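Number of protein chains: 2
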Amino acid sequence: MKALVYDGVETLTYRDMPDPVASSDHELIRIEAVGICGSDMHAYLGHDDRRPAPLILGHEAAGIIVGGAQDGKRVTINPLVTCNSCTACRSGRENLCAKRQIISMPPREGAFAQFVAMPVANLVEVPADVPLSKAALAEPLAVSWHGARLAVAALHPDDPRRALIIGGGAIGLAAALALRAMGVGEITITEPNAKRRGFLRDHCGENIVETTDASFSIVIDAVGYATTREAASARVAPGGVIVHIGLGEDRGGIDVRRLTLQEITFIGTYTYTAQDFRDTAAAIFDGRLGPLDWCRHMPLGEGADAFAALRQGTVAEPKIILIPEH
Amino acid sequence: MKALVYDGVETLTYRDMPDPVASSDHELIRIEAVGICGSDMHAYLGHDDRRPAPLILGHEAAGIIVGGAQDGKRVTINPLVTCNSCTACRSGRENLCAKRQIISMPPREGAFAQFVAMPVANLVEVPADVPLSKAALAEPLAVSWHGARLAVAALHPDDPRRALIIGGGAIGLAAALALRAMGVGEITITEPNAKRRGFLRDHCGENIVETTDASFSIVIDAVGYATTREAASARVAPGGVIVHIGLGEDRGGIDVRRLTLQEITFIGTYTYTAQDFRDTAAAIFDGRLGPLDWCRHMPLGEGADAFAALRQGTVAEPKIILIPEH
Numbered sequence: 001m002k003a004l005v006y007d008g009v010e011t012l013t014y015r016d017m018p019d020p021v022a023s024s025d026h027e028l029i030r031i032e033a034v035g036i037c038g039s040d041m042h043a044y045l046g047h048d049d050r051r052p053a054p055l056i057l058g059h060e061a062a063g064i065i066v067g068g069a070q071d072g073k074r075v076t077i078n079p080l081v082t083c084n085s086c087t088a089c090r091s092g093r094e095n096l097c098a099k100r101q102i103i104s105m106p107p108r109e110g111a112f113a114q115f116v117a118m119p120v121a122n123l124v125e126v127p128a129d130v131p132l133s134k135a136a137l138a139e140p141l142a143v144s145w146h147g148a149r150l151a152v153a154a155l156h157p158d159d160p161r162r163a164l165i166i167g168g169g170a171i172g173l174a175a176a177l178a179l180r181a182m183g184v185g186e187i188t189i190t191e192p193n194a195k196r197r198g199f200l201r202d203h204c205g206e207n208i209v210e211t212t213d214a215s216f217s218i219v220i221d222a223v224g225y226a227t228t229r230e231a232a233s234a235r236v237a238p239g240g241v242i243v244h245i246g247l248g249e250d251r252g253g254i255d256v257r258r259l260t261l262q263e264i265t266f267i268g269t270y271t272y273t274a275q276d277f278r279d280t281a282a283a284i285f286d287g288r289l290g291p292l293d294w295c296r297h298m299p300l301g302e303g304a305d306a307f308a309a310l311r312q313g314t315v316a317e318p319k320i321i322l323i324p325e326h
Numbered sequence: 001m002k003a004l005v006y007d008g009v010e011t012l013t014y015r016d017m018p019d020p021v022a023s024s025d026h027e028l029i030r031i032e033a034v035g036i037c038g039s040d041m042h043a044y045l046g047h048d049d050r051r052p053a054p055l056i057l058g059h060e061a062a063g064i065i066v067g068g069a070q071d072g073k074r075v076t077i078n079p080l081v082t083c084n085s086c087t088a089c090r091s092g093r094e095n096l097c098a099k100r101q102i103i104s105m106p107p108r109e110g111a112f113a114q115f116v117a118m119p120v121a122n123l124v125e126v127p128a129d130v131p132l133s134k135a136a137l138a139e140p141l142a143v144s145w146h147g148a149r150l151a152v153a154a155l156h157p158d159d160p161r162r163a164l165i166i167g168g169g170a171i172g173l174a175a176a177l178a179l180r181a182m183g184v185g186e187i188t189i190t191e192p193n194a195k196r197r198g199f200l201r202d203h204c205g206e207n208i209v210e211t212t213d214a215s216f217s218i219v220i221d222a223v224g225y226a227t228t229r230e231a232a233s234a235r236v237a238p239g240g241v242i243v244h245i246g247l248g249e250d251r252g253g254i255d256v257r258r259l260t261l262q263e264i265t266f267i268g269t270y271t272y273t274a275q276d277f278r279d280t281a282a283a284i285f286d287g288r289l290g291p292l293d294w295c296r297h298m299p300l301g302e303g304a305d306a307f308a309a310l311r312q313g314t315v316a317e318p319k320i321i322l323i324p325e326h
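Going line by line, the protein sequences match chains W and V.
Under full-length UniProt numbering, the first residue of the first sequence carries the number 1, and numbering increases by one thereafter.
Under full-length UniProt numbering, the first residue of the second sequence carries the number 1, and numbering increases by one thereafter.
Worth flagging that the hints you see were computed from the coordinates, not collected in a lab.
Please note that the accuracy of each hint is not assured.
To be verified - Here are some, though not all, of the chain V residues that point toward chain W, as calculated from beta-carbon distances under 8 Å:
{"id": "1", "residue": "87"}
{"id": "2", "residue": "95"}
{"id": "3", "residue": "224"}
{"id": "4", "residue": "239"}
{"id": "5", "residue": "250"}
{"id": "6", "residue": "251"}
{"id": "7", "residue": "254"}
{"id": "8", "residue": "255"}
{"id": "9", "residue": "256"}
{"id": "10", "residue": "257"}
{"id": "11", "residue": "261"}
{"id": "12", "residue": "263"}
{"id": "13", "residue": "267"}
{"id": "14", "residue": "269"}
Said to hold, decoys possible - Using C-beta positions, here's what the derived DEER-type ranges look like:
{"id": "15", "chain 1": "W", "residue 1": "291", "chain 2": "V", "residue 2": "153", "range": "37 to 45 Å"}
{"id": "16", "chain 1": "W", "residue 1": "212", "chain 2": "V", "residue 2": "121", "range": "35 to 43 Å"}
{"id": "17", "chain 1": "W", "residue 1": "213", "chain 2": "V", "residue 2": "54", "range": "34 to 42 Å"}
{"id": "18", "chain 1": "V", "residue 1": "194", "chain 2": "W", "residue 2": "98", "range": "29 to 37 Å"}
{"id": "19", "chain 1": "W", "residue 1": "192", "chain 2": "V", "residue 2": "47", "range": "31 to 39 Å"}
{"id": "20", "chain 1": "W", "residue 1": "213", "chain 2": "V", "residue 2": "101", "range": "21 to 29 Å"}
{"id": "21", "chain 1": "V", "residue 1": "54", "chain 2": "W", "residue 2": "212", "range": "37 to 45 Å"}
{"id": "22", "chain 1": "V", "residue 1": "127", "chain 2": "W", "residue 2": "212", "range": "47 to 55 Å"}
{"id": "23", "chain 1": "V", "residue 1": "120", "chain 2": "W", "residue 2": "205", "range": "51 to 59 Å"}
{"id": "24", "chain 1": "V", "residue 1": "52", "chain 2": "W", "residue 2": "309", "range": "55 to 63 Å"}
{"id": "25", "chain 1": "V", "residue 1": "311", "chain 2": "W", "residue 2": "47", "range": "44 to 52 Å"}
Model, not experiment: these values are computed from the prediction.
Note that beta-carbon positions come from the ideal geometry of N, C-alpha and C, so glycine has one too.
Please construct the entire structure, taking both the sequences and the accompanying hints into account.
Following this line, the structure appears as structure tokens:
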């Protein structure tokens, strides 16, 4: 098959790779749409030790089952493969499974490819009227859905449902959509890139600004750098909640003194549970997350150009979806 | 009256100060027992900008009402004075009141003195059979009770009730007592001071070690330095909770990457609510927090020696209670 292979720092090659194969518990999926995640960009820049070259990146995918009893079924893929037997898995927190794997990280190749093999349990059927390019958003939307759910659960019931989201990329925008679906009415997004701000304001109707001095009971850091944690620490209201999604920088930025004196809860979040993924897919399918019309589509064969454009900050849309040719 | 006055860095003077006065909403209390807190030590070392010299420190006090309708009533003092009308106060989170004051911080003098004036609402009556030197522990015990309550509330219901407490001072020991009263059966305390470790092991029966490599669903940082947050970040189990009580250092030590990838909740906590204070006092009075026989008693007039001994690390007991002479 053809795949977009990460062959070294800032080097992606569209080339032949071995076909994945179905097995007793893995279906073969023909990929029809696969999104580029910030973590793919980290790997591309050589910043992720967990993703050494050569490797097929990509973990936000939807496609069609090829062969077997379910041949032709349209599915979106939960890329997190877990043991389903440990305490974490059995308590519905598969994202904490010590044996968790994710496609695009060894030993599993990713979905910037024509095909991928996945466990049956990781596949969610997509209704006929939902495009697979939209269904491929289930993964990033589930990340934000999970974070939003934890934020709302940790919020004191007497606090206003007033949220700041730091970062207007796909995770930030998706956090706004998820919070809104969960009844948070007042949402502000901050984003430094003017092009991106314009798109989210004009095309998505979001309340997006460069910076703010206001105070918010919920702050979602959808970036994860020391500077964004600094902003989160400063902008969260006393008694409020910071949900931290990104993995930009490992350390720094948290104002521990303020968190302590103002009794702030800081929640690190990683991916989603299997139930979050299914709930997010359902919310995509029934329209609760809006039209989801904020992606740029490009052929998988032009993936290297897509990464370069993202790197240059010239992409207004918060998400690029790559479309393999078959 | 006589008071132990913080007159400058590492300088405490037992000298005359103006008598506080009762008013329409303040009772005059004759102090019978007042504990030394880690925050008093910070102030004494000149590390707390909120407590400039000259100032009477001390906020862990119990005594007897003098004058008025309640003359002679034995009380323990909630030192946190709040507005009782803002959103935080009305939602039972008085510790988040933006107008909160605490005795020992301007404009309120502290309780290392023969007398203090306090709002009636801050006084909790002490039963006749409970010594006031024990009732004076309500404040530090309430700090830990509050932190323990938040930890247990944030713990996932499927997680084991297994706690690590970093720091074997009064707050750490009190956190062990509070967690135990709340049904947490397995508790380990880490403490670097061998003298303190010996006392907590031999006299209090605690499971106390210098360090540990084990993993805990609850970690309470009862110290608040970068190194203790580093330890908390490393020792908390995936999906677990860190409760941060101390104000040792303002920044550093949090392993944000691990908190994110392992979905850790970090809760900053400050003091206690009015209900926590009353609940803690009730738990002291009915014996749920144990014999509370781990304090060294010294005359208030020897307060300077007490601070010097604490500074030198030669005090095995986790708390010194100063007893004013009358």
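May I ask which of the numbered hints given earlier this structure violates, with the numbers listed in increasing order? none
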